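Which chain is which? The protein sequence lines are A, B, C and D, in order.
Numbering-wise, the first sequence is residues 247 to 561 according to the working numbering.
Numbering-wise, the second sequence is residues 247 to 561 according to the working numbering.
Numbering-wise, the third sequence is residues 247 to 561 according to the working numbering.
Numbering-wise, the fourth sequence is residues 247 to 561 according to the working numbering.
Everything labelled a hint here was simulated from the structure, so no lab data went into it.
As the structure is a computational prediction, the values presented were derived from the model and not from experiment.
When chains are identical, the list treats them as one kind, so a pair holds in a single copy or across two.
Here are the simulated DSSO-like pairs of lysine-lysine, each with C-alpha atoms no more than 27 angstroms apart in a straight line:
#	residue 1	residue 2
1	414	376
2	266	498
3	383	426
4	426	384
5	383	441
Number of protein chains: 4
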Amino acid sequence: MKLTNEQKKEIKDQQSQNFKTKRVTSPELEKVLYEALPVLDHGFIRVIDYMGDDSSIVQSARVSYGKGTKKVSTDSGLIKYLMRHRHSTPFEMCEIKYHVKLPIFIARQWIRHRTANVNEYSARYSILDKEFYIPDKKNLAAQSTSNRQGRGNLINGSQADNILNLLKEDAERNYNNYEKMLNETFDGKIIDESKQGLARELARMNLTLNSYTQWYWKTDLLNLLNFLSLRADSHAQYEIRAYAEIMLNTVKKWVPTTYEAFIDYRVGGMELSSKGKKVIKKMIQGEKCDYESSGLSKREWNELMSSFDFSEKIV
Amino acid sequence: MKLTNEQKKEIKDQQSQNFKTKRVTSPELEKVLYEALPVLDHGFIRVIDYMGDDSSIVQSARVSYGKGTKKVSTDSGLIKYLMRHRHSTPFEMCEIKYHVKLPIFIARQWIRHRTANVNEYSARYSILDKEFYIPDKKNLAAQSTSNRQGRGNLINGSQADNILNLLKEDAERNYNNYEKMLNETFDGKIIDESKQGLARELARMNLTLNSYTQWYWKTDLLNLLNFLSLRADSHAQYEIRAYAEIMLNTVKKWVPTTYEAFIDYRVGGMELSSKGKKVIKKMIQGEKCDYESSGLSKREWNELMSSFDFSEKIV
Amino acid sequence: MKLTNEQKKEIKDQQSQNFKTKRVTSPELEKVLYEALPVLDHGFIRVIDYMGDDSSIVQSARVSYGKGTKKVSTDSGLIKYLMRHRHSTPFEMCEIKYHVKLPIFIARQWIRHRTANVNEYSARYSILDKEFYIPDKKNLAAQSTSNRQGRGNLINGSQADNILNLLKEDAERNYNNYEKMLNETFDGKIIDESKQGLARELARMNLTLNSYTQWYWKTDLLNLLNFLSLRADSHAQYEIRAYAEIMLNTVKKWVPTTYEAFIDYRVGGMELSSKGKKVIKKMIQGEKCDYESSGLSKREWNELMSSFDFSEKIV
Amino acid sequence: MKLTNEQKKEIKDQQSQNFKTKRVTSPELEKVLYEALPVLDHGFIRVIDYMGDDSSIVQSARVSYGKGTKKVSTDSGLIKYLMRHRHSTPFEMCEIKYHVKLPIFIARQWIRHRTANVNEYSARYSILDKEFYIPDKKNLAAQSTSNRQGRGNLINGSQADNILNLLKEDAERNYNNYEKMLNETFDGKIIDESKQGLARELARMNLTLNSYTQWYWKTDLLNLLNFLSLRADSHAQYEIRAYAEIMLNTVKKWVPTTYEAFIDYRVGGMELSSKGKKVIKKMIQGEKCDYESSGLSKREWNELMSSFDFSEKIV
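Here chain A stands alone, though its shape is the one from the complex (with noise of 0.2 angstroms):
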């Protein structure tokens, strides 16, 4: 990730600030505010700005429930028991911003969470930056054979180095192409100055998908958790995930309570079927139990057992 010159100074600029405030604060997410986080080879994630605590989920909580909540305890205990009944209003009391530099494949997944604010660079108004993803070699997978939507083995070798020169050359290629019909250079140059150059709306989509696209990306913590249990999951898709890492490690400084009962709820957590449950039951209760008596699918049965590391896998 290289900032230019001007993005540096802005982000120096913004991390002098020194205001005085009557709200509450999250002394650990100050610390990295405004920061530009690397992510993938030239993204990053920016905090931006928040409001709330973990205290702000409990406040909330407690106008809810009235002088009814008074009986728990402890503010951490009333977070873990609105995390594990899936309550879901008091998270959405605490709101976070994000500035992201992302590739735009994996913009269009990160887009489909719709609950969120967005203000995305325009390529209507304004030339793309010069910068494409190219995956590390040690993420460049096959097609994976079993799951319809995943990663297998590792590419290596020649066929390694072929893919990823297409990428780069056929990356290059049209960005060039791109300046090209637009008669202009990424840093403001005239081409030609005998010609116009082709609309900006229309020259954009020359471009590649691994061409990188930056936003303001805003939502509260209800929903910013829904996106991290999909994408820090690790079904998602490596690049999203390595986004999605970067946030959960803000969430721990922003909320730290909240993202204890995260963990252990939602992420280290499964769900059970009614079928399911009754298996469990069955084994717990040492009956016998095996696939046939199930009443379960073969890839259900094979899913519950992988979810307690179990080998009884049936193919």
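Take the given structure of chain A and dock chains B, C and D to it, following the hints.
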């Protein structure tokens, strides 16, 4: 509005908080943070938290439009432009949280604005306060004869006294019976130790719609302005307008430039239909233009004329 | 539930409609379309319209996954897979619209589900029906002593009679005074021709929270299932559960395969936290596992044991 | 637009469906149901399903306003009134679902409308079609010099030919390399049996933004009209406008009365600011009124004059 000693202490504690932050702050809004601003006879509005200020709108707009926005010379010019052209997303980048105490029949209007986060005091858990909204005599109006949902002339004299007495008596009696059914008073005394109390979730159904409830309500600036353009409007019910006007004043303190643009383009502005535009154009050009030739319905014609305070009303 | 003659005629007219369409239809749901299904003492639920069926979920999932979904042999298998893995968007492709008559205090719970479209009867425009919810004796329960928001033992004998009398008397008296203030009865008779009536938007505040209102409520299948998983649950207040159960039955008619998956994975299913999973794993493997060594709080331990109907409760 | 034989068969099958229903139907929309309406060079729009018609809007408005709406004599008058006063909820009672094939850079604009349900073809699971948008020569315009995000003069001659060649060559080369990396062609042939293919979720990043994708997109009528008022507008990018215009035509077939009101009040209408209103009023009253005394900025003055096609432009 009377606050309990507990509430007064909480507010005093919150107002004496003094934190350092790198986040942008809104100094004028900080001054009234946490304060209970009185509304109606027992209600209040408190600003509990906020995120962003006018500069946050500009910041995110400039990310969207990139170098393209450099041409607009001032932040204020940019905010006006965004408001005029109904750009929406930059105004979503600011967030505010209110603590509101309000009568239930007003809460029911308010909650229809869905793009907000809410935590309401739960009468399943806790006993509601013994407070009811009784209108001031100067707001006691008859049903309008011209507008199906509005107010007409004031009601006064003995009819007004009778109405106010009915409202008071019915609210109080119903509350007393609520306590009787609960077998517990609002301040926690058991009435008859030998009996159980009715479940709170049931007893509450005996309360009148002018009982006060309270909630935390959090929304972004765009949706707040949509709320205010409907609820601070002269067609809104007086009781919700009373809240909206206080909130409009907090917007003025929070984001003064946006406030000004909102007043000019939304509050004081108007819409013209295609046909209405033709009528206005003719009028400007000094052409003959009357109801018969306008193509407007009687109702549309009258609405158009009254928008400009013209007297050509058709009956 | 009593319907007016006007309502009966409207329903009969709607049910005799017979149109041709190329859209997918749900024959079982068609049979009960428009019918007023009774709920509580005066409420009802009517299915007014719907869009899509089980095949619409499959159709949109197959668009997403393209040829990738060909491998899953059956539609039913695909719907189960989507439900199990909490895929959300395919279930949003079906839509349903209900007409509901319900007590106001239940409407206030219901409306907290924001992702729905609502048109409620407006008491600013019109006079509310003279109908109030009075619980059946078998639902008249005391406040639970163990659960802050639940019901405990039944209340009976003279205490029950007294409560029911209070509820009836207060609701009726308040309604009569509502008419008095309006200077108009529910069926449109002016009471005193020499007087004006109080504005409807004001008079309504005298009504009790068990007054019936009605609305059109439209939502997609995903959000309907979220609603039902909370409101058809045993922890939900009985009065809203009564509605949810009727609605669950319309889901069964409408999208039978989805209904079955919902019952297995959501309604009958459960969640395990990270720590809870470890406990269960130990139990299956026959290792010693008790509350002290579990790392769970007392509350969590008890919730876990009771999920499996095990008796190891800690007090 | 070329459809595969498989697609043609699916459409024919759907169009030959003939079900009976008690739901309201829209006969004109039924006629084009499922049909692939061509847009751009390879795109299409298909109406897949719908719920409600003009009468559904009236029905829900009448529930809201109760007997209060009886006074408005006609359904058409009521719909116009609702549109004019920006009533929103009754228009949410109709729903429509489209199947759309569109270039990715347009999909990225489109998805910014968040209040909709979407299922997009997943390039993690499946291989994208080998189709790219190449503009027609008559739409190949230069960047506007006056409008930062618009198009100016046409580009023609050899410069146009060069641009079109670049677009074609780059899209095709990148697609071919996409297949090479996948080690599989678009129609499922393995290229080199001795090698693995790159994971689809990675290979897709090499594609250009004019590649075609497709999705199911479902929304309610209110949000559809908001979409169309922005995207069928002359300021919208031509390529998305091409879709919006086809959709506008389906709205005309579906809900003709609403369509008419929309054209009059939204599409052909305009907004006046508070200051703008004063200017217009003066003009009507024949008072002197020029830019200097108007209180408007230069930009606002020009926008106002051009709304009425007046020539008093300030530079």
